[in-house]
Amino acid sequence: MNRRLGFSGRFLAVLALTVLVLLLPTPEGLSADGKRALAAFAFTGSIFALQPVPLPFAGLMVPVVLVVLGVADAEQAFEPISRPIIILILGSLFLAEALRKHGVTRKLALISIVASGGDVARLLLGMMGLAALLSMWMENTATAAVLIPVALTISTRVPDQEKARELLVLLVLGIAYAASLGGMATITGSASNAVASEFLAEIRPWAFIDWMKYGLPALLLVFPPTWWALLQLVPVSVSSLDIDLAKKELGILGALRRVEMEVLVVMGVAIILWIGGSFLESSLSLPPTLMAPAVVGMVAVAYLSLRGIIEWEDVKGVSWGMFFAIAAGLALGEALKRSGATEWLTDLLAPVIGGSPLIVGLLFVVFASAMLTNVVNNATVAAVFVPILISLARDNPSFNAPQLVLPLTLATTFGYALPSASGRMALISATGIVAPRDMIRFGMILTVLSSLVLVALFYGLAVLGLI
Amino acid sequence: MRVLVIGAGRVGARVLLQLKKNPRLTVVTVDPRERPYAVEQGVIESVDFHNELSPGDLEGVLRKVRPDLVLVTTSGEDIGRTGVPGLELLVESLRGELEATASVPIIAVARTGA
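Protein chains in written order, with the numbering used here: chain X, 1 to 467; chain E, 1 to 114.
The shape of chain E in the complex, shown without the other chains (with noise of 0.2 Å):
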């Protein structure tokens, strides 16, 4: 099974520690940054694609990669500016969009507070 992860940031790093857990998943990653947290933090080398977080970006990876799944992690954090007004909301929106037009299944994963 191929899983897709979008998003290599904190939430991102603790689903792919637990994606981790199942060697028989081929687990593959998009984040925009060079370092993210994942990979600073050593739970995966690299990142596989340095695309962003909207439909026209990711829609040449999915071709790519045609994962069976993919988990979206991102939030307004890993976009590298927090603070900005609207921008969890807006990821948010962006997730919702992937979500609608993208025709693999794809799951939102929630920030959470720990």
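Isolated chain X (complex conformation) (with noise of 0.2 Å):
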């Protein structure tokens, strides 16, 4: 009883927020429709970051808003659910349960514990990079799940209670990291990627590839300056482990099975269709979008499915949070453009970013991304931000969209501080793992090291004529 009266009382504050924005007095510039848009992104944003209900019916709460604030008709506000974009989220969702199902991803940790030799910094550094690959393919959080299981079980081998503690701290939150890094590599991997991309492919051509040029470099300067500066920050009096046992369990569980080897191969396949697919088309003068992502996604579930390798009951439980929020965040984001709140948004912030020089207005956008995201749904961030950086670069021929779009889109990756940042943060907190203040305090390190770290990339790509 206290529980549902809890979910009222905070389904209660994101209406008041709503009608709040809805009765301040109209700003100059702004229409009435901009407003009542305005109101729809404090109801999207306020209603993912209190989650009144699970994550899934807020995502289909925010297109029957847009309908009732008159922003959009149901057409509209629905249109996004049936995108590519989010059929390719659905179909990659769906691969990464088979690979789950099937405990390749337990026996890939087990590999890297093995290969760690028991040394604490290269087993951090296995964990991470397996979180990182895996989370580029399968949703953040879900691969941090996944493994943080392992992590509890390594740490119980150090005998030490505090010792045990201070490794599974360490271990636990380089997972979360990494399973959030990993995501900026691919339009997989982030429900703001999907976003994102999907507003870049209105003003220019933006394939799976396209994403993946700027999406991995990022990946791969973050990760090493993560890693080093998470075992600065938490330090492990343990200076080697014994990894008999997953030795010993590697051995029973042997070389991978014939169904785990398929489903491997099925998902490789997928992968190198996304990225090379669109050239495949072409070249062999397919019939248009025949290898299009999200077809290649569903040949490949298809597949499984056929096969006997997945079941509907195995997929049931995806995270249908990522894929609605990504269709709300496209939702909301035309409905901010058709109703003119994003021309509006644009005039407010063009003479910092616009008039400012590259340098500035990237270390604007990647920390005001970086910090929001703590606070707002990172799809949010992208469907409010990503229509306004794309309106100010028409506007001025100093800079192009993605030079700001995607350093911005990629620093809703660093949302390291709250609970309410990401799934992953929500997830170690509920466990009690990680003590609050320190997750505030490492996560606020971090933020600002990646931040760096992202403009700087960019920065660089921009002065050498790569973007």
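Read the hints as simulated data drawn from the structure, not as lab findings. Even for Gly, the Cβ is constructed at its ideal location relative to N, Cα and C. Any given hint could turn out to be false.
Counterexamples of contact, computed for chain X against chain E with all Cβ distances above 12 Å [unchecked claim]:
#1 Asp-73
#2 Gly-103
#3 Leu-110
#4 Ala-121
#5 Glu-262
#6 Ala-294
#7 Asp-347
#8 Ile-428
#9 Leu-464
Mimicking DMTMM-like on lysine to aspartate or glutamate, the simulated pairs with C-alpha atoms at most 25 Å apart in a straight line are [claimed, not checked]:
#10 Lys-248/X x Asp-48/E
#11 Lys-247/X x Glu-40/E
#12 Lys-247/X x Glu-99/E
#13 Lys-247/X x Glu-262/X
#14 Lys-248/X x Asp-68/E
#15 Lys-163/X x Asp-68/E
#16 Lys-247/X x Glu-59/E
Please assemble the complex out of the two chains, which come individually in their own frames, going by the hints.
Spelled out as structure tokens, the structure:
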């Protein structure tokens, strides 16, 4: 009963915030439609942050509110759910579930433990590397949820409880940060990437590989300092670990089974076609969009289903929240554009971003995005700010849209400081493994460090004319 | 026969009710909460061990109890925070980790819609 009352209270807070925006005087230059769209933004931001209902339901409420507020009709509000990018995300979630179901992820974790030889720094590197690699294709929170129990088991091999706890904090934070970082590399890696890609595709050809050209280098540059900084921030007084149990278990599990190989091959082929499908399509004169990532993803899922490798029961529990958050973000972004709210916000931000040297603009968007994502859902951040940056770039020949859109979107990864920042942070907060004070302290340091690296990368790319 | 039931929430309460039908079974319970659902509903008087659902926390319990069978009934709801994305998956992965690492038979009891 108390829980229900708590949920109702949070929903009332969401409604109160929305109504407050509606009741405020309309600022000069903003239309009545624009104000209602901003109220929809307030609703979206607060319902994702406060979550009075589970994330998938929250995502579904956003299109309804857009219609209620008169900034979209039902067709406009629900149309994003059927977009290929959403189907691609669904396909990648289903494929990742096949990996998890057949124990491939756990086996890979055991391999990385054994490969570390028991050295803590190498163990952290291995676990973080695996988390990053998996989260390029899997949902980031699901990656963390699968790997954290492995970290719990490893830490129990340390007899001293205090030392075991230190190791656990190090590994869990490493897994959570790396699961976020891995999501930078691909369109499927994060909801904000998917949203930003959709808006970028409206102004220029934008394929799966186009995102990877910038997302992958960003991951490769931010990952090493994150690993190094974690080792400095969370000192562990364990020099080496007993990995015999992992070795023994790996021995029992044996080499990859046929079904595990099959899942990996299907996933590998899908990834190759996601990256190179458009090239194959044009060089082999195949029907247009036959090799579109969404089609490839669904063919892979269909194959696994026909082979009996995944069942509907297996995929029912995938992260529907991510799926609906992207659709909600896209619907909100389009509503803000249609209503003129994006233009109004663009005019407000133009002096800060458009009138400043690129480095200042980069610092502003990266830090603003990284801080904002601690309290606002990353898909919502992208949905609101990506169209603004695209609009700014259209009016300002001194920079192009991807120079700011990509770093802004990638910086939504760096929400490390609060449980509301991401599913990963909420998860480790719920487990109580990391103290809230440590989450904020380590999170803020790594946010600043990662943001500076990201700014340096994109400034360098712009100076060299590579973006 | 000694049966260790991990989790005394809604699923655990239903499992415990069934186990009570056989008085020859020695049932031991683990739950981190003082008054989980099974206690509130009077299915059991109290929980025997207040440990978390993690391999490290449960290792000591397994050594002490030496059960013939372990039934894991914990769900995300029992951890105390519903609606956290990935929590059910984390709990499921923890159950899998326990199944893989423990030397006694461990069976995860899934939550049903009822």
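Hints, one by one, checked against the model:
For Asp-73/X, the requirement that its beta carbon stay farther than 12 Å from each beta carbon of chain E is met, with the minimum near 30 Å. With a closest Cβ-Cβ approach of about 8 Å to chain E, Gly-103/X is found to fall inside the 12 Å limit, against its non-interface label. Separation of Leu-110/X from chain E is inadequate, the least Cβ-Cβ distance of about 9 Å not exceeding the 12 Å criterion. For Ala-121/X, the shortest C-beta to C-beta distance to chain E comes to about 22 Å, beyond the 12 Å cut-off, and the non-interface label holds.
Here Glu-262/X stays apart from chain E, with its beta-carbon at least about 21 Å from theirs, past the 12 Å limit. Annotated as non-interface, Ala-294/X keeps its C-beta farther than 12 Å from every C-beta of chain E; the closest such distance is 23 Å. Look at Asp-347/X: its CB is around 36 Å from the nearest CB on chain E, clear of 12 Å, so calling it non-interface holds up. The Cβ of Ile-428/X sits about 9 Å from the closest Cβ of chain E, inside the 12 Å cut-off, so the non-interface label is violated.
Distance to chain E confirms Leu-464/X as a non-interface residue, since its nearest Cβ pair spans about 39 Å, more than 12 Å. As the CA atoms of Lys-248/X and Asp-48/E are separated by approximately 32 Å, the hinted pair breaks the 25 Å bound. With a CA separation close to 43 Å, the supplied pair Lys-247/X and Glu-40/E exceeds the 25 Å bound. Proposed proximity of Lys-247/X and Glu-99/E is supported: the alpha carbons are some 17 Å apart, at most 25 Å.
In summary, the hint linking Lys-247/X to Glu-262/X is supported, as the alpha carbons are separated by about 24 Å, within the 25 Å threshold. Taking the CA atoms of Lys-248/X and Asp-68/E, the gap is near 23 Å; set against the 25 Å cutoff, the hint holds. For a cut-off of 25 Å, the pair hint linking Lys-163/X to Asp-68/E is broken: about 32 Å separates their Cα positions. A distance of roughly 19 Å separates the Cα atoms of Lys-247/X and Glu-59/E; the hinted pair therefore holds under the 25 Å criterion.
When the structure is compared with the earlier hints, violations turn up for hints 2, 3, 8, 10, 11, 15 and for no others.
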